[in-house]
Amino acid sequence: MRVLLAEDDPLLGDGLRTGLRQLGFLVDWVRDGMAAESELRAHPYAAAVLDLGLPLKDGMDLLASIRRAGITLPVLVLTARDALPDRIRGLDVGADDYVVKPVDMNELAARLRALVRRAHGQAQDCLTAQDVVLDPAARSVLQAGVPVPLSAREFDLLHTLLLNTGRVLSREQLEQHLYSWGQEVESNAVEVHVHHLRRKLGSALIQTVRGVGYVVTREQPRA
Amino acid sequence: MQRPRSLQGRLLALVLGVVAAVWAVTAALTWLDVRHELDELLDSHLAQAAALLVVQQAGEIEDDAPAINAPSLHRYAPKVAFQVFHEGRLAMRSSNAPAQPMLALTGGAATGLRTVELAGKTWRVFAAHGRERDTQVFVGEQVESRDDILWAVLRSGLTPMLLALPLLALAAWWAVRQGVAPLRALSRTLAQRQPQALQPVAVDGAPAEMAPMVDALNGLFGRIGELMAAERRFTADAAHELRTPIAAIRAQAQVALASADDAERRHALSATLQGCDRATRLVEQLLTLSRLESGSAPALAALDAVAVVRQVVAESAGLALGKRQTLALEAPAAVSVSAEATLLAVLVRNLVDNAIRYSPEGASVSVAMLPTAGGAELTVEDSGPGMSAADIEQLGERFFRVIGSGQSGSGLGWSIARRIASVLGAQVSVSRSASLGGLAVTVRLAQS
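Chains C and F supply the protein sequences, listed in that same order.
Counting from 1, position 99 in the first sequence corresponds to residue 99 in this note's numbering; the numbering is continuous, with no gaps.
For this note's numbering, add 1000 to where a residue sits in the second sequence, where the first one is 1.
Mixed in with the good hints there might be a few duds.
[Unchecked claim] Covered, in the sense of this in silico footprint (three residues per stretch, anywhere, with C-beta under 8 Å from a C-beta of chain F), are these stretches of chain C:
id	region
1	6-20
2	93-105
[As the list claims (entries may be wrong)] Some but not every residue of chain F turned toward chain C, in silico, with C-beta under 8 Å:
id	residue
3	H1240
4	V1255
5	S1259
6	E1264
7	S1270
8	A1271
In short, the hints are calculated from the structure, not lab data.
Being a predicted model, the structure only gives us computed values, none of them experimental.
C-beta: ideal position from N, C-alpha, C; glycine also.
For reference, chain F alone in the conformation it holds in the complex (with noise of 0.2 Å):
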């Protein structure tokens, strides 16, 4: 897995990122303006200094005398230097300047600001002419020089910031942990959480922002209570239920054990079976349940429906015969439904066998299973006492059981049949039947 990433460090990270981005944009802004206006001033200086020497030289210049060597009057010198030409020749020049003029002296005579490159410096040149052009005048300046400026002026206003930053990280880093406290407190609470305590978490000062993940952790907590509570009444409601039959099976047992009359002890003993049986089918369908209500969703495929209710209601038809009852079954040769073939099966059977059972001796029950516009339809009728409005409203409540009905069922067939129709996607009605009279359950299935 991959570690995640500290909220806080992406805050710093982040914060610390746009400072300095920030502030590289205003260095180089600073950096473009400062060396504009320094290009324009130095560059007018230099405009001056040859206007100077071109009013000076003016019909000054003999045009035989010796080329004039200037001094080097101050320890910057070095980097302004001069030439004056006369009719092409030298005629002065500065200390550091070269004795070629520093711009090419082309036919015509140049003027103005160059760029260009002497003994391996950049030089910034500004070239000037007298009147009568005879006389050419260069004045330079070392690029370099004015690089230097430009770092200076860069220098003192970075170089506070730059020692700033460590400072700036401290705080950014202070502030970030400050904000993200109540995340901390959060994770610290849940983390010292007992698993059984789903009360809501509060966290103290938590932001605006925070509200909708504790909102949705109490909801969920919320949610958890729930169905542990549920789960908790549906143990003990499993329990209590099993009591019943066990407390009959022992009662049955021990009138055997004491009864000295054979056809009482054979009753007895008869009686200890069908209450073991009822324990087992208890047992099968609290497991059929918890087996529905914690697994996951099955994979629904195309299949004959047909073939598994008949299936179910042959398997049934020893329990209708024993009750003398008539069972039949109504059916094309195949219905194709969407459904799970297990889970169909443990449905019908369960409405089949609720059927027999609560209906009396001698009742009809009747299975149809037809194809209708949109799927499919499983009908499961009775000739049975039916149930009440009230009644059936109850009715899928676990362990609700009609009362009256001298069943010993203990109302679970219902919750299981009605839980597996909501994982096949399908709907169950119920209501009186119409051609029998008692019970009419109704499945509606989804075409495959």
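If we strip away everything but chain C, and leave its shape as in the complex, we get (with noise of 0.2 Å):
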């Protein structure tokens, strides 16, 4: 899953990207509001974490702007301001979760995992298509109750395909998903990968619709 991190702190910054690497997220780090707009505004991230005290432009405009330019992507405020009056205005401008800061590297995790589930119309932990569970918070997938082992990058394609249930998801979108900035894209790697998930997994979840992409469907599609 790939989110964007916006911390001006130099220690926090590189502490929180590096924490949720290990549990597993895609991090891109900005440093001020200006860049995390220009970043939001380029890539499709499945959530932010948005320190409010941002240099160049605040969080509270940045969200706002966002907001307005019709970026829905799941934002959680992180940030030094606990009165209830900044929460309360960090909420309605358009925050979806507002942490105070220090935070817990799991919660934080969990919290970001559930707004991208919530973001996808998911009430459920799991995310299931046919006889397929992934769980996010595990990183761990079962197929007919039996655990099948994945490469991380593996699981995050999989992941975004499950979130976008029935929806067609074309090659670059799954890029943009994969891989956080500085990581080399090979050019076929999207291919490659589902590959070899339909090898692990079977070649029925995986559908490739010709010209413009692949999608997973909930029920197997009758032959």
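These two chains come separately, so use the hints to put the complex back together.
Right, here's the structure in full:
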């Protein structure tokens, strides 16, 4: 899951980035509000972690302007300001969650997963399609009750497809979900990962829509 | 502590004192006036009585006739007496008059008014004589009787006044009490106040004289309110400012715990330590600032500023070397300034630390402590990014930090530097460094 981290404090930003990576997130870290806004406009992040006291553009302003621009991704506000009026204003302006520093890394990750899940209209922790169950918190996949070992990229690809069950995602869209900055994208990486997933989970789960992309359907299509 | 005197009591005493004094003066004047009039009247009576006796006696007294003792006709008569002498011999006298002449019969005949002592009493005596000077008439009156009249007149005037005095005191007490009622109301209002209640006081019906006091009080409340708000803001800001390093420490520690990679764990642990150092520095700065703001003015003394600056530069050299920066000090052997050594050191340290922190790796930081015409000038310059005019404006506001500086400062160093400068009576100015291109901070210190 690719998230944007906007935090101007070098030590905290570094810690959050590494911590979230350890928990399976792909993290892009920006240190000011302007950079955060341009990144959010340019890439389809699953969620954003936003510090309010950002340089160049204050977190609240940033939130208001991306909401005006129609960017609906879930935003978790991480801030040192815990006064009730601050929280209320933050939520009103368009934050989906409000967390006061310091925060436990596991809690932050869980909140992010919950935000992403809800943003995709899912109420349960686990994503299910056909006989495959994906647990984002445990980063595990079961097929007919049997664990299937997946690489990190394979897991992220499947996670993205399952979050968008029934929706066709293009190769470019999937790449953007799979790679944070500075990560070299091999030319046919998505095809390779899809190939591996089909080998491990069977060919029925991920369908190819020729010329458009890939889709996971909830029920197995009738042959 | 001396017990304060009651305003009410003082007013009462003053009013009653003035009234009593006015009455006393009035009584004294009345006394003088009445005595004068009384003397005139009674003296004229004496003179007239004497004239009558002289006229009556002319030619009627036998030379050898025995002295006539006139009868006492009224109970007041003893207070008045007369004597008639004919050729030095007593011819006639009132029953209470002595046999000896009331005034010595000197060679010449006596005339006019005298006051004499006779048998232990003071008499007012009028002496007259006949045309041939053989008849000498004395008419006397006891002065005591005049005093009685005088006293009676005064008594009739003063008695009602004395009787009225307690009533007057009561009335004055009531009036004064009414007058100081707004003061009592004010003190009641203040006594019942909660310590946090800082809204202006209003006293109904307060007289104009109380307005300056109430205004001053409300002004004080206002200032205390602002101070408390500033303190609350500061505490809140400080707490928030501490949250970020704590959050960083927590995040990095968690990363270190969860990390399987040795290099990653080492990095996270060293970042954890950095976070601790930062939190410590922040706490120290907060304490310094709070001590500066609550402390009394330090005693300034003549000291060698160069020694202080050299010490600070030596201590900061490690930080500069760590960033491969060049740190240089330009100063003569000694510069005497009027300051306080510890505070001056904190001021210089904050300026030098800021220059080092906010300048990139390999930058130059130069410190100069030079004597000037009116004192001495400390300049800290760097080749860092400098600041925009708008940022310079905001410098010294608590927790203001230049954005995008990539530094984990709190902005408190500036607040401290500025606060110390004002305590030391020094002027701070910030500009662009002409020689290094970054920021130049100049502190003008007073000569000792």
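Tested hints:
Remark: the region 6-20 of chain C is confirmed as covered by chain F, as 10 of its residues place a Cβ nearer than 8 Å to a Cβ of that chain, reaching the required three. Closer than 8 Å: that is the beta-carbon criterion, and the region 93-105 of chain C has 6 residues meeting it against chain F, so the requirement of 3 holds. Taking 8 Å as the C-beta contact cut-off toward chain C, the hint placing H1240/F at the interface holds, the least distance being around 4 Å. Checking V1255/F against chain C by beta carbon gives a least distance of about 5 Å; that is within 8 Å, so the hint holds.
Below 8 Å, beta-carbon pairs count as interface contacts, and S1259/F has one with chain C at about 7 Å; its hint therefore holds. Because the smallest distance between the Cβ of E1264/F and any Cβ of chain C comes to about 7 Å, under 8 Å, the interface hint for this residue holds. At about 10 Å, the closest approach between the beta carbon of S1270/F and any beta carbon in chain C exceeds 8 Å, and the interface hint on this residue is violated. Residue-level restraint check for A1271/F holds (minimum Cβ-Cβ distance to chain C is 5 Å; threshold 8 Å).
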